[in-house]
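Undergrad: One line per chain: the protein sequences are G, L, X and A, in this order. For what it's worth, the numbering used here labels the leading residue of the first sequence as 211, then goes sequentially. For what it's worth, the numbering used here labels the leading residue of the second sequence as 53, then goes sequentially. For what it's worth, the numbering used here labels the leading residue of the third sequence as 2, then goes sequentially. For what it's worth, the numbering used here labels the leading residue of the fourth sequence as 915, then goes sequentially.
Incorrect hints may have been included.
So the derived label-pair ranges between C-beta atoms look like this [what the hints assert, rightly or not]: (1) L/K218 x X/R12: 36 to 46 angstroms; (2) L/C448 x G/G299: 52 to 62 angstroms; (3) X/Q34 x L/K218: 36 to 46 angstroms; (4) L/K218 x X/I18: 22 to 32 angstroms; (5) X/Q34 x L/D220: 22 to 32 angstroms; (6) X/I18 x L/T238: 17 to 27 angstroms; (7) A/N1154 x L/S800: 27 to 37 angstroms; (8) L/D244 x A/Q1180: 38 to 48 angstroms; (9) L/D484 x G/S370: 31 to 41 angstroms; (10) L/G494 x A/T1178: 28 to 38 angstroms.
Keep in mind that the hints were calculated from the coordinates and are not lab data. All figures in this text were calculated on a predicted structure; none of them were measured in a lab. Heads up, the beta-carbon is just placed ideally off N, CA and C, and yes, glycines get one too.
Single-letter residue listing:
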Amino acid sequence: MTTATKKIHVTTTVNGESVEFLCEPRNSLLEVLRDTLGLTGCKEGCNNGNCGACTVIINKRPVNSCLVLGVEAEGAEIETVEGIADARGLHPIQDCFLEGAALQCGICTPGFLVSAKALLEKKPGASEETIRFDLSGNLCRCTGYDKIVRAIQEADKQLSASTDDSKTND
Amino acid sequence: MATTPYRVIGTRPVRHDGADKVTGKAVYTADFKLPGLQAGFILRSPHPHAKILSIDTSAAEATAGVSAVVTGADFPNVKNKIAHLGEGSVNLAHLSANCMAKDKVLYKGHAVAAVSATNAHIAEEAAAKIIVEYEMLPSVTDIIEAMATDAPLLHADLFTDDLGLKADTASNVAVHLHFEKGDVATGFEQADVVVEAEFKTATVHQGYIEPHAIVADYNEDGRVRLWTSTQGSFTCRQQTAEILQIGVGDVLVTPCEIGGGFGGKIAVYLEPTAAILSKKSGRPVSIRMPRTDVFEATGPTPASFMRVKVGAKNDGTLLAGEAWIAYDAGAFPSGVIGPGCMCVFSCYDIEHAVVDGYDVCVNKPHTKAYRAPGATQVAFAMEQLMDELAEQLNICPLEIRMKNAVKEGSRRVDGPVYPQIGFVECLEALRDSDHWNSPLEGDNRGRGIAGGFWFGCGLKSSAACSVNADGTINLLEGSTDIGGSRASLAMQLAETLGIESSDINPMVGDTDSVGYTDVTGGSRVTFATGLAAYEAGRDLQSQMKVRAAELWECETSEVSIGDDGTFSGNGKTAGFKDLASQLFSGGAALVGRATVAPECPTNGFGAHIVDVEVDPDTGKVTILRYTVIQDAGKAIHPSYVEGQLQGGAVQGIGWALNEEYFFNDDDQMTNASFLDYRMPTMLDVPMIDTIIVETGNADHPYGVRGVGEPPIIPPPPAIGNAIYNATQTRMRELPMSPPKVWLAMQSSD
Amino acid sequence: MATIFIPAQLRELTAGIEHLEMDVHNVRDVINQLEQRFPSIRDRLCQQDQISPSLQVSIDSVITSRGMIAKIQPDSEVHFIPAIAGG
Amino acid sequence: MKDFQYAAPTTIQDATSLLTEHGSGARILAGGTDIIVQLREGLREADIVVDIKKIPELSDCQYSDVSGLYLGAAVACCDIYENADLAGRYGALADSTHIIGGWQIQSRASVGGNLCNASPAADTIPALIALNAEAQVTGPAGQRTIAVAAFCKGPGKNALVDGEFVVAIKIPPQSANMGSAYQRFIPRNEMDIAVVGVGSWIELDTVGNIANARLSLGAVAATPLFAEEASQFLVGKEPNDDNFALAAELAKQIVTPITDMRGTAQYRTHLVGVLVKRTLTTALARAQA
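Make a model of the complete structure from these sequences and hints.
TA: Right, dumping it as structure tokens:
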């Protein structure tokens, strides 16, 4: 039977910063982020890829961090909810969630924000149907989704307006 | 729209805890850490019903990294004593045995032992080395089978309680309830039309996204400190103290942010176990419940079997009702049957009625409250029968409801008379809504409506507001905030004092720092804790009057407070913040306090409209359009009221269409995951329109009624009625999942 | 006189009487007077000296938390109804 | 979760040696969306997990009109449906990869992994069978090719022997007169396991009749099925609702579904008929487009 496996050294980038950690092969990226790196914004809701609360972006793609091994993060670029806001303040998607009351208990919110950010970057102007399809891997039990969809639509509007602004400014 | 007399109430400020929740900084229990924190893992029974013959923990204890192992033998013996938990009561022996089995396991997932270790993987591996010897017993999960005299018996000492009278022989029926009003036999004789049918609903779970979690530290001084995810920190404290047989003052509960509850986070599951692990290991211990355990070993809400009969006159007037209702209690007597019996006819004035209810133990997890506990099951029956009556009488479904809707003075079957309520107003709003007045076109499409009622309760709440040097306020209150209640409480205090919501820092206190406050449940927080915040503000104002009189060198009686919160006296005026900062520089600090126990139900009513399309080839139901209409009394923060209505409706849609516990032939749950326990995803529902009706509430200074619970009730019958409208097939079983709808459509062809 | 409603399950003890008028000041008076008229009804409504935990007392449609000492007005209506668990 | 060793070889050779050395104790990690759950829940065990995503051949994805599609076994689902050219040619494959789990799963899960997991309800397998795909396998004894229709041997069991793994999936080239579709029935609209899944592929002749057809069925037997008789029936026929309905009836005759929490045998059999008709209609529209 397996004896204690040696921990593996991993170098990765989290929210733009180079990070190193040691982990057991069985440790999920979710465990590493929360327990080793202290990034507890990433939530465990089901630990088998069915709720999306642990969503992070790896190399521009949203993934369930409970279904990624920590060791697989070697050389990757990871974005978590902690990296969405920056020194200028909250990202429009965060503002729109707050203004639009798109959260109640808040446990699914980080996962939704990360997925929504990926969606807004990849598919600006997405239809309601596309938003609902692409975010169907994120469960929310409080809101009935209405205000979440509206917040994403509003953020999309604001982002495209600001892109247009920057174009005219150029 | 009528103009509102309020400055803050009715506006939509950003919630105070919002920034923390969109940046990942908010601390939920699983995010909380202590130095030396151990991870716990609970070993659970694979069998639905078995005697525990022996438990050998030696191999687990010898595992490197393991700090403690506990079994039922480590739990104090608790008497068969009933403890009041504010809302509802509990038998402590049952509560303790549900946290950790002693002699017998009563459902698959029942805890039998727990291990703490340096990390969760080691704890899990060590737990797997615990050898439990079981003697298998026959099991039963079906309500009707469990009621049979020859059914496998869960508890040898359970004798049916018939309002204080105990049965002679033990059975699985914990409680029989019986209500009567008028003369039901005569009522049915006089009825021109009678409809009667049997209905079944499946076990469903609250489905909160945050699994239960606990951090416990059994301190060397004998105090137990708990950081936990609970709907009521004081209730949690009491349950834990009773199970551990220590004083309530020896337990400190710090409520962390809570990731949903809906009634499922009132009872304790992990707290006593974690505390005992901590005591034995001398270290703080955390336990995070895996999602499978959340389904298998916490408290879903009852499955039901119902036979309901209703009679009416040709003009649609209801004359008589009869209901026979059995709810699945799970492994221990539950309490959900009571409100079920009280709610079955609660929306309509019925002269003659009789209700019988049974609370039935089965080898399933101990059932608990879930948003309007017990009301949704019976509404599924009654609200469909209303449509059946309407059809037979050739009356519009809305008209028959309007004709019989309860109003002020209507007497419920269980006795009490309604004060001013808003069901008629909700039905009128439905009648006038865009949804109701938009024609529904297309094949296989149908529209349904249904009403719903939930009591809403008061109970105890406490609040204190401390004034800062700049006149801003720190509001300390005792209600754990699950859906934005810090904002709705701060807004009420801001309205009272004449300041802005953003001038208040609301904070949920721990059990050492804030006055006793009952659970966040019963749709009570914005109502009752809101009243506490209001009263605390009033207390502060009366203290400030005295101090203003000193400052302005006049009599206290000469100081008055305007509607906008401005103080005036002796020719001087000052707004709240201005006066508060003037007073801060001299004299004692200002703290307003209140503790309240309003006893009046807030009587929440709602009515829903739904349009569906049924795929005739597969039986799959698509929700095309949905509107929730509900009387909020007065909406403090309309966005969060809408959110409650939308969220409740979607939970009801899930209950209606796909959610259910599946059990195999061995009575083991087979779908304990978010993959197979099919809660609605974003793609399964449309936008949910809301119409907030505001009829006020004389028992609250701002007219608030509780809003959380009613919206889950109407969706199953409204969707059932819509399916009938679309297909002429009447669904009598929940969930109305595609295989069942398809099969029903085959047989009704 | 206050009107006291007898729960249907106890009407076997009251020979079918559904409600009755009583001159009472609080819930304790109700229990005592009921017991006097209908012996053993107290055991059905109370445990030790408290209202049974599975019941709650509704006075004029308000659920009292004060148990035996809850006040009753001369024109009040009193009901014994099941305790409710909330969500 | 029991601990294991982790290796991420960069060549097929190194991977083969690792797999050969550890035999049945080795598990392959591609997207991980099945294997990590299975290891966590104790449904499978591993002494070593071999991450194959660093091997170039397994992440390669190329199409040519001569040899068709070479799809590295570790290519993620989203790389298929986001590739407009591929999605246009291989409608059934795009359909199936777009509905496995949610977006987060599709970012990781691979078609190769979905195939090797050999679930009777796997979404991509009926699509691959309809498209007449084959798996290119390598192992200690060298390379071999296995038709996808013959790859699954039972629930969770596949045709690979210890030390072998799937390097790529190869699908014949597609021309404009061909079209394919995959649909499944699920109670929700996403995030669900197929109650029944059906893949259809048709090739039209110059007058618009069916020159060739392949129908495949998922979740109605211990393995995904190729509905040979139903497929043959369509050859030479006019593509219309009547013929599709007759093919559907033939397809229903080969199924041996179980009754479980996802549906009864009767319901599943009925759904086969519904989905055969629906997927043929979509495949036809695509072939005609």
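Undergrad: Of the hints stated earlier, which fail here?
TA: 1, 3
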